[in-house]
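Let's have the full structure, built from the sequences with the hints guiding it.
Line order of the protein sequences matches chains X and V. Straight run, no breaks: the first sequence in the working numbering ends on number 394. Straight run, no breaks: the second sequence in the working numbering ends on number 394.
Mixed in with the good hints, there may be bad ones.
Sample of chain V residues at the chain X side, in silico, Cβ under 7 Å [said to hold, decoys possible]:
#	residue
1	R48
2	I51
3	L59
4	T74
5	V75
6	A83
7	V100
8	G102
9	V138
10	G142
11	S144
12	V171
13	R227
14	L242
The calculated label-pair distances, taken between Cβ atoms and stated as ranges, are [stated by the list, open to error]:
#	chain 1	residue 1	chain 2	residue 2	range
15	V	Q381	X	R62	34 to 44 Å
16	X	R179	V	Y232	18 to 28 Å
17	X	A234	V	G250	48 to 58 Å
Calculated from the structure, these hints are not laboratory results. Quick reminder that beta carbons are idealized off the backbone N, C-alpha and C, glycines included.
Single-letter residue listing:
2 protein chains.
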Amino acid sequence: MSTKEKRTEISQLGEFGLIERLKSLIATVRPDTVAGIGDDAAVIDAGNHYLLWTADMLVEGIHFDLSFTPLQHLGHKAVTANVSDIAAMNGVPSHVVVSLGLSNRFSVEAVEALYEGMRAACEQYGVDLVGGDTCASRSGLILSLSAIGKAGKDDVVKRSGAKPKDIVCVTGDLGGAYIGLQVLLREKEVYMANPDMQPVLEKYAYAVGRQLRPVARTDIVHELREAGVRPTAMIDVSDGLASDLFHICARSKTGVRLFEDKIPIDAQVYNTAAMEFKLDPATCALNGGEDYELLFTINPADFEKIKNHPDIHFIGYITDNPEERILVTKQNNLVPLQAQGWNHFRPASESGR
Amino acid sequence: MSTKEKRTEISQLGEFGLIERLKSLIATVRPDTVAGIGDDAAVIDAGNHYLLWTADMLVEGIHFDLSFTPLQHLGHKAVTANVSDIAAMNGVPSHVVVSLGLSNRFSVEAVEALYEGMRAACEQYGVDLVGGDTCASRSGLILSLSAIGKAGKDDVVKRSGAKPKDIVCVTGDLGGAYIGLQVLLREKEVYMANPDMQPVLEKYAYAVGRQLRPVARTDIVHELREAGVRPTAMIDVSDGLASDLFHICARSKTGVRLFEDKIPIDAQVYNTAAMEFKLDPATCALNGGEDYELLFTINPADFEKIKNHPDIHFIGYITDNPEERILVTKQNNLVPLQAQGWNHFRPASESGR
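Written as structure tokens, this is what we have:
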């Protein structure tokens, strides 16, 4: 690095600030480029359909800790994260490629375990793994995956389509992956202090499973289509409900009101957060991330069509004031909604290692 | 890594052996998957055309040395390597995505320099950069790029189509990137010993340019089409002429005879190799790699159509015996052709750092 000029630290901008700045450098010029940087996936005109395309990199020590993450689960999760981005565009994933960086700590058998997890995920989501690259790394494991999928030209849903009065919906429940990580980190500490102690994880099976082996909600894309509902905006919950909702609001130039009592939290997760970690469960659900649920908005006219869906929760509504980002608490107080989300450019000790 | 079972070192298999082993674990099942792992790019049926898709990871300290690689050039080269894989399938590249892993050594300005190089390459090749991922890395820079392109269903050329008597062709000249790297490594050593010394690179401008800013031969794909020639097999020269030719022979189940005196080597590269580095120029051309030229075979009936092309060289022919891999030397001796190529899983000191 020989540059002696101005030096701006990436941490000053954060990941999203950096992406915005880079986006301004990159103009797309091709007529078949429908949407580039700035959504869950790029959108490319492929003739009679749109091609959706996403990429995601996972770095050891930043995104995962192999002391408690089995390689099979890691492979599965890497595919899930990419497939989830395709689902978040209301698309159907079809293929993935994987590039692996491997330090000499990793044996052939370890790579096979990783591939076994990816294979299982591909089978689960109906996608084919069709290629990639394998190379050496000086430190640890790097997984760089990319997924493609397709959507009808009228079906693609971006982050930018939310309108005032639209209903904010989320699938499944939230905060589980975050609490699962806290449990794993706590058990790791216990184990480090006394290697004879066996980790007790059965009691936290749901939360730990949410962290280690999340599931992309490709099912919801099909169910919404069958119900005749096309979301107005959509994103997957990877950074955290609040952060991801703000992406929708920013792109849609809208505000939002969320109701704390509507945010779905699993009972075990709720109790573990509150009792054992003295954490506010709603904060975990709002800021935990990595749940890979789908967060979307619908036109109120579509509410009747899915109001009885057992796994879709209606947690708030979109407002016309872009400055308005409000949480209505259980006590009916209005408080500013805040996004902590994940910022891997913060010191590592804060970012889930 | 808690596995206590059998441990096979990746270096025992090498990169290609590892890929073969992983390939056997991954079955593709979708009817739209035309070709998966095992060629320069995957081939996917997109309706009225084939979608081509490749991915490539570059890791600091393994693939590049930032002490003599400007970030702009690195960004350009990363795009080139991916675009070259699409060209090697006889396809036309259209879009790239990039995932970056960045340690805190890198400033926003450094990332912008990298993007400026990628932007310039995108403009050069007529492709759009449409997305990716940016995350932290614990050590150094990781670039993971992926490119897509398209080809008519009758146009795709794989590694597997070479037939006995086909003529082996290569574009441009070979060994330059390797000699350029040797020059840069030598100048780095001089500089490390005495930082007041300024590197003298003008004399080696061609070779150094081949190393730092290679060009993908997308032009050749168009020219062959215009000449009415569809190669029977094709690959890009990234690992080295011999290694890449063996990929064609292995997939095509054929042998090959190469003529040493036909292998194109730039005069400056030749002299630098022989005089300054005491290296056999032909060996550099056969095993250097990273030239990103196109290596392909044609039906002898097509020879007339391109025999006067100034940048296509006819260096040998395909034989029917898969065991036969022969170099006909300038002295008319027959010697076994050997592929050293690049193997990043060898100790770093041997692999171009």
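Hints, verified against the model:
Here the hint on R48 (chain V) is kept, as its CB sits about 4 Å from the closest CB of chain X, short of 7 Å. Restraint check, I51 (chain V) versus chain X: the minimum CB separation of about 6 Å is within 7 Å; hint holds. The beta carbon of L59 (chain V) comes within 6 Å of a beta carbon in chain X, closer than 7 Å, and the hint placing it at the interface holds. Taken as an interface hint, T74 (chain V) checks out: its beta carbon lies about 5 Å from the nearest beta carbon of chain X, inside 7 Å.
Against a cut-off of 7 Å between C-beta atoms, the interface hint on V75 (chain V) is violated, since the closest Cβ of chain X lies about 9 Å away. Interface restraint check: A83 (chain V) against chain X, minimum CB-CB distance 4 Å, threshold 7 Å, status holds. Checking V100 (chain V) against chain X by beta carbon gives a least distance of about 5 Å; that is within 7 Å, so the hint holds. The beta carbon of G102 (chain V) is positioned within 7 Å of a beta carbon in chain X (closest approach about 5 Å), and the interface hint is therefore held.
Residue-level restraint check for V138 (chain V) holds (minimum Cβ-Cβ distance to chain X is 5 Å; threshold 7 Å). Taking 7 Å as the C-beta contact cut-off toward chain X, the hint placing G142 (chain V) at the interface holds, the least distance being around 5 Å. At its closest, the beta carbon of S144 (chain V) sits 10 Å from a beta carbon of chain X; the interface hint therefore is violated under the 7 Å criterion. Given hint, V171 (chain V) at the interface with chain X, holds; its Cβ is 4 Å from that chain's nearest Cβ, closer than 7 Å.
Checking R227 (chain V) against chain X by beta carbon gives a least distance of about 19 Å; that is not within 7 Å, so the hint is violated. For the restraint placing L242 (chain V) at the interface with chain X, the shortest Cβ-Cβ distance is roughly 15 Å, beyond the 7 Å limit, so the hint is violated. In this structure, Q381 (chain V) and R62 (chain X) meet the distance hint of 34 to 44 Å, their C-beta atoms being roughly 43 Å apart. Take R179 (chain X) and Y232 (chain V): their Cβ atoms lie about 22 Å apart, and the range 18 to 28 Å holds.
Separation of A234 (chain X) from G250 (chain V) is about 57 Å and conforms to the stated range, judged on CB atoms against 48 to 58 Å.
Violated hints for the displayed structure, listed by number in ascending order: 5, 11, 13 and 14.
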